[in-house]
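Undergrad: Chains as they are written, first to last, in the working numbering: chain A, 1 to 484; chain B, 1001 to 1675; chain C, 2001 to 2221; chain D, 3001 to 3317.
No lab work stands behind these hints, which were simulated from the structure alone. All C-beta atoms, glycine included, are put in the ideal place defined by N, C-alpha and C. A hint or two may mislead.
[Said to hold, decoys possible] In silico lysine-lysine, DSSO-like type, Cα no more than 30 Å apart, as pairs:
1. Lys-3288(D) to Lys-3002(D)
2. Lys-101(A) to Lys-2086(C)
3. Lys-3288(D) to Lys-3271(D)
4. Lys-3051(D) to Lys-1537(B)
5. Lys-1537(B) to Lys-3271(D)
[Said to hold, decoys possible] Partner residues aside, some chain A positions facing chain C, computed with beta carbon under 10 Å:
6. Trp-19
7. Leu-153
8. Gly-203
9. Glu-206
10. Arg-298
11. Arg-304
[Said to hold, decoys possible] What follows is a set of in silico ranges between Cβ atoms, one per label pair, in the way DEER data are often shown:
12. Ser-1474(B) to Gly-96(A): 49 to 57 Å
13. Gln-3044(D) to His-1566(B): 22 to 30 Å
14. Leu-3269(D) to Arg-1606(B): 50 to 58 Å
15. Ser-274(A) to Arg-2082(C): 47 to 55 Å
16. Gly-1212(B) to Ser-274(A): 43 to 51 Å
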Amino acid sequence: MDLLTVLALPLLGALLLAWFGSHRFAAELNAGVSCATLIAVAFLVLHVLRGGPLLAIHEQFFVDSFNVFLVALTAFVGFTTALFSRPYMRIEEQRGRLNAKRLRLYHSMYQLFMAAMFLALLTNNMGLLWVAMEAATLSTVLLVSLYRTRASLEAAWKYFILCGVGIAQALFGTILLYFAAERALGSEGMTALLWTHLNSVKGQLEPRVLGLAFVFLLVGYGTKVGLAPLHNWLPDAHAEGPTPVSAVLSGLLLNVALYAVIRSKVLVEGSIGSYLPGHMLMVFGLLSALLGAFFLWRQRDIKRLFGYSSIEHMGIITFAFGIGGPIANFAALLHMTVHSLTKSSIFFTAGHASQTADTQQMDGIRGLVSISPTIGWGLMLGSLAILGMPPFGVFASEFLVLTTAMREHPWTTPWLLIALGVAFAAIFRKVQPMVFGESDAPPLPHSPALVPVFVHLALVLMLGVYIPLALADWYRAAAQLIGG
Amino acid sequence: MLIAPIDRSLTNHCLTLLLLLVAAWIALGLIGLLRPHSVRFVAHVVFPLGSITCLAFGALAALFLVSGHLAEVMTLPLGLPNLPFHIRLDPLSGFFLLLLGLVAAGISTFAAGYFRSGQGTAPGLLCLQYHVFLASMALVVLADDAYFFMVAWETMALSSYFLVTAQHRIPEIRRAGFLYLLMAHMGALCILLSFGVLQGGRWQFTFDTMRGAPLSPFWASAAFLLALIGFGAKAGLVPLHVWLPEAHPAAPSPVSALMSGLMLKTAIYGILRVAFDLLHVRFWWWGVLTLGVGLFSSLFGAIFAAVQTDMKRLLAYSSIENIGIIFTGIGLAILFAACGLPLFAALALTAALVHSLNHSLFKSLLFLATGSVLHATNQRSLGKLGGLIRRMPWVATLALLGTLAIAGLPPLNGFVSEWLLLQSFLFTPQIPHPFLSMLIPLGAALVALTAALAAYVMVKFYGIIFLGQHREPSLVHAHDADWMERIGLAWLALGCVVIGVMPQFALRAAGTVTADLLGRTVNLTSPFWWIAPVTPKQASYSGLVFLAGIAGVLVLAFGMVRILAHGRIRRTAPWDCGYPWQTSRMQDTAEGFGQPVRHMFGTFFRMQRELPTPTDAEPHYRVQVEDRLWRTLYLPIARGVQRLADWIGLLQGGRLAVYLLYSFLTLIALLVFVL
Amino acid sequence: MHRSQLIAESLNLLAASLLLISFAMLSRRRTQRLITLFAWQGAVLFLSTILVAYSAGLTELYASAALTLLLKVIVLPWILHRLVRKLGAQWDSEPLVNIPTTMLVGLALVIFAFGLAQPISQMATTITRNTIGIALAVIFLAFLMMITRRKAITQVIGFLAMENGLFFAATSATYGMPMVIELGIALDLLVGFFILGIFFFQIREQFDSLDLSHLESLREE
Amino acid sequence: MKTLTFVRQFGEVLLAIAIAPLFAGWIAQCRAWLQNRSAPPLVQPYRMLRKLFQKDVALAADASRLFRATPYVLFGTMVLAAAIIPSIATDLPFAQAADAIALIGLFATARVFLSLAAMDIGTAFGSMGARRDMMIGFLAEPALLMVLFNAFLFSGSTALPGVVEASATHGSFIDPSLIFAAIAFLMVLLAENARIPIDNPATHLELTMIHEAMVLEYSARHLALVEWSSDLKLLNYACIGFALFLPWGIATHGADGTAALALAAVALLAKLVVAGGIFALIESLSAKLRIFRAPEYLATAFLLAVLGLLVHLLLGA
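Okay, chain A solo, but in the shape it has when bound (with noise of 0.2 Å):
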């Protein structure tokens, strides 16, 4: 059963690395696990392309248009990430910030948080995908404070307690939920937080307990997903991990807990019969938006800055579903692929980039074409597509919010004309200066894993001028899902 395998392998791996960590071809099998998962993901995948959605296990797990790519897209930024750690941690670890337990520790939690991740995309059950969620949060503390230093144990710490708050609340949404579906299911046993079930009858379940637990549902999800002003944890988060955890918790756990809020939005839309939860994540997404271009105006730490971004561009997601209809949603999910893919490559290069300049302050580095045009013309396409910048990908999704919203809404434009110019503006010309100039660092000791970057960068600029047909059918029949 490939959904199984997806479930198992990486779980396997934890407890592999739990052991083998610290060994010296700890990366390595660490990427080769990450590989094998990819690989039993395209073999769901290809099962869904043959079979359609699938369910499993008394209907506990399941397989729709909606998580499938979403599966794909974890699976493969894994396993970059995986690669591009290799050599990462192996420099932080010559350059004496790491040790080899700490190096076990990370290992086997990122396999551990790959695990969560997949739980919380494949299962069907909301309470489960609850679990999974706390999961991955529990997973990816101890990687935030790995440094042991005062500002990582700080983030982590504030990490810790928003999101297990805000966990908590989402928790409360569920057992609402549950409450309401029992009255619709059923209590019998597992059958009653089912997604697919409870979208079956959402007609039937009753408006008010929704709404309140649509509620605590987004502001638990929402504060995963850094929707201002639940966002506080977020940039320290990323400014202060190691960087390929900045880039997963960018790249995917946003994705998977915005993936969480849009389920819970589906059943209540159906069930509250109002555009109510839309109009909700309008709001939302517009507020973190402009509050996260300006907040990126004044960042002096470059991956503080590109937290940031994560959060504006959460918000131009969470404003697309928002909007709903079909173009919308579109354009949303599209957005989750290249921004993730996008936000990661970004990620990988900055770490490299302030590596070699050993500061993660911008102002510290320079020049960095001269020293490695790799990193150098990486990070400065990467900021590129990030900021909507065709032919990157970025751009198409924005190209369609954008056009949607001066039709369907004309009165959020200009506030996004703003916040995609200021954030254009803190962006560019902070990341103009890193690239161009003048520099006399020295070269990394180990030469850099950039093969990801640009990978990604190359799909990223494939996705804006040609999606392939598959994707195009899943997003849509997505967008259908989620209506709206």
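Since the structure of chain A is already known, use the hints to place chains B, C and D on it.
TA: Quick look at chains B, C and D alone, frame taken from chain A:
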């Protein structure tokens, strides 16, 4: 039409062939990457091939125009699902493609001689960016759906940004590049929103659906205004012009030529496409607005050009002026069209189109000339040049043609378009609107003023660079341009002369466009050597007679003088009212030449001066002229963003309890909301 | 149905005491006292779960009741006590907001919670009607406590109290979630708690204090 | 017939070239009378030209070709202009080549060439003169254009023959707007031809010179051509003025037999005599303005022209 027998089978495939040539450009760029660090390979192989491609490109476009086909469409298997890339070749795009091909041919030829190996971007990479830039400009003009248009548009901005920052080690150039890309991006967003208004609903981003889409006056106006802002930002309309005088001087000269000569024209194309093709209604106040902005930009550009001391900045401001003139023509055309006077609209539009063509010819010519000067002297400041006509006769002669053309003097091309514009102004009293019919004619006076100021500016430009005595001793070693550069310059100069002497060709090319957009053309019946846009009785002009007349009398007079008198010449020191010892520092400086304009239009500038006092040991005079808009418009915006960012930054106070409070309050608020 | 009547009565009594304990936690300063209160809360939770299990005759609820007893009454308080003694964090310094104000806000929150819960409890099928409102109130109060306290350890206690409220909501309002999820939640709780333990020591060795005022360096300056 | 028109054209051009110095001389003479000095003989300008042609050229050491070509270019432009302006008859083959606006362009070309030549030697006064002359240019052109606008509204054409024909068919009443325009044109004419009150052709005080400063470096035959063409320029402007405002006597299309032509020639001479007198009068009565009063002066001209325009639009003639 012009060429009676044309090979139909060829004209039927214009679009395909054009696309192939675009692909060829990109291929050439990639070839350049094969040997990224070999200047000789890039300069002697890639760029010449590129210029040949450009020639073919222009020829094809011309062929399409004369073939009289209306439109060819095509879709590429790329793009978004349900929205493949649509491509369309119609007279409007054909005209701009012609312009692109002709001018780019000259520039590429020049570039072949120009690019040297320096620090900064490697020549191979430069070559890639250069050809991608060309290709994206062509695609902008060819695109037939909003998405493809935007992709090409932004690719154009991006590639040109990289070209501008080729010398990225210099901080000012980085600043210029940043400002440029920022403005370009904001403009692009406005254009995008304008398309958002124009679109016909789900997945309907093709221009065809937009043409049909019915819009309420409000939304139509919104679309037009957004487009005007967006394209205006690219074209450098005041007050969106600030990036232009920074970016154009920063770039290598062939790139400045491309940007000023061609990229700005894509903005013209865009506004024409939206105003005359996509929008099915036009209101008179759109025209008045465009006209006003255009007139102001042209005057503004001319005045600022007059006080510049850097030769490339001077040309950049003169670009703003010419763009202003073009927009004036467009505004008139919209106004006439809205008032139901299609013939006069056609006249004004013709003027705008022909001026676009002319401007791209002589402006690129002059930018390239400054490039040669730059190579010969490493000087951009007018204060350190002078007397180069004796060191680099080729460049000086060809630049003289460009100077006369851009100064709007007969019998060269610049005069033709300005003459047409004035002609169309003559009919503004017929506008059925009491105030407009009295106010708009005064615009003609402004155009005349601008044209004369342009002449002033160009006398300054040419006189200070090429005439007089060397202001720096080092200039003695200045060398003339090499033969590739000369060919490039000569090609463009030839264009200026031909269009000036036989404007009928340009008018016919523009005629196909106006016929397509407005259903009318100006009077094209007169023979090729003179034009009479409305009726011969009303007004006519013949550049050929001018040239022949002047030349004939010149030769006759020369002959007569030689026959009747003698040709004896004594070389002496200059008589300057008998003032004994002349030095080169006694000539007019650039600042000095700008003085009357500074004096008369002082309100436009923000001036800082250091005047010498009688007791100075070594008296010196410095004047610095700034754009008021920069301090009154842009810096306040930047400061506002900064302040806002500071306030918002306080949200992230670092205290966990406060963060918890945020989420708690959010929770409560939402609960209250759903209650 | 006299028996169910009785059970309902006593459940409501327990719920009320849960709320009372939460208020008490808001007002207390000494950390040990807080921990004790937390243990009491756990005990009440245990009893209520037993009662619900008994009245509804759901065997797996007994299991989760046992889990509650084990975790929240015995293990966690014990560990917390040891931590406090080890780290010498007996006294919480002055809370950010003074106690009376906190109480007033708490009161307002309770009213708000009841108001929210009103329509829901109307449609509850279980014998435990109004308990969901109380659960909500408990959650809010815990939240409030986390906001107002300064020490890391008190925040954690607040966090755990919130979990209690959730658990109470789960059992009383819906006769408990499916077993898998119960287990999952419990597991997460446990793991989370151990991570907290690790943190305490790390924070201690870095900042040699558990005062959160040290953890305010990451900010937009 | 065609050949005849060409002959006529040729004759007209020759006439213009021939009488241009005479006109200048006439003005000088009138001015002398008005300032009761003893006047130079009428043929004085011809003598000067002859003398200049005989002299050797003293050419500045590093004068470029541009400098040496400019006098011929000036002469060419002015002769071409003379060929285009219908001073005697309207039915001229060259008249089609340009309307009045194009004529302005032609004069601008001459101006630019002269300014460039003035900057070529690189002396202080040369570039100063060039700068000032170009300034006068951009101040004068708007006013001139507005004058033509008036003529166009009046006659529906900017081609001078068209204007003449129109006023001929119109009968000979004076449109009120044309009076404003005429005054404006006169003011522009004085400014454009470097005469008092903008410039003083007779001055040799360096700092006040404009035209003189530009031709400072020219000598002998070059100077002769420059002077001749500035005389031609004055004559051309006068003829434009006649065509626009006093077209009486000019032989119109169709009615241009030999007699008519002779009459036209006489009329032209008469007009020139009067005009010369008027110029002299103005120059004697008014004093030269400071250079930065020039804007006010030309702004007045512009204002008058615009007033004419508005009057016309208002009265809807």
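Undergrad: Now look at each hint and say whether the structure bears it out.
TA: A quick look at each hint next to the structure:
Of the pairs offered as hints, the one joining Lys-3288(D) and Lys-3002(D) is violated, with about 48 Å between alpha carbons and a cut-off of 30 Å exceeded. Distance restraint check for Lys-101(A) and Lys-2086(C): the Cα-Cα separation of roughly 25 Å lies within the 30 Å cut-off, and the hinted pair is therefore satisfied. For the hint linking Lys-3288(D) to Lys-3271(D), the alpha-carbon distance of about 26 Å falls within 30 Å, and the restraint holds. Our distance criterion of 30 Å between C-alpha atoms is broken by Lys-3051(D) and Lys-1537(B), whose separation comes to about 45 Å.
Of the pairs offered as hints, the one joining Lys-1537(B) and Lys-3271(D) holds, with about 26 Å between alpha carbons and a cut-off of 30 Å not exceeded. A least Cβ separation of about 19 Å between Trp-19(A) and chain C goes past the 10 Å threshold, and the interface hint is therefore violated. Interface restraint check for Leu-153(A): the shortest CB-CB distance to chain C comes to about 6 Å, inside 10 Å, so the restraint holds. For Gly-203(A), the shortest C-beta to C-beta distance to chain C is roughly 17 Å, which exceeds 10 Å, and the interface hint is violated.
Hint status for Glu-206(A) relative to chain C: holds, with the closest Cβ pair at about 6 Å, below 10 Å. Given the 10 Å rule on beta carbons, the hint for Arg-298(A) holds: about 6 Å separates it from the nearest Cβ of chain C. Taking 10 Å as the C-beta cut-off, the interface hint given for Arg-304(A) holds, the closest approach to chain C being about 9 Å. Separation of Ser-1474(B) from Gly-96(A) is about 55 Å and conforms to the stated range, judged on CB atoms against 49 to 57 Å.
A C-beta distance of roughly 23 Å is found between Gln-3044(D) and His-1566(B), which places it inside the suggested range of 22 to 30 Å. Distance hint check: the CB atoms of Leu-3269(D) and Arg-1606(B) are about 56 Å apart, consistent with the given range 50 to 58 Å. Between Ser-274(A) and Arg-2082(C) the Cβ separation comes to about 52 Å, which falls inside the hinted range of 47 to 55 Å. Under the hint 43 to 51 Å, the C-beta atoms of Gly-1212(B) and Ser-274(A), about 34 Å apart, miss the expected range.
Hint violations for this structure: numbers 1, 4, 6, 8 and 16, all remaining hints satisfied.
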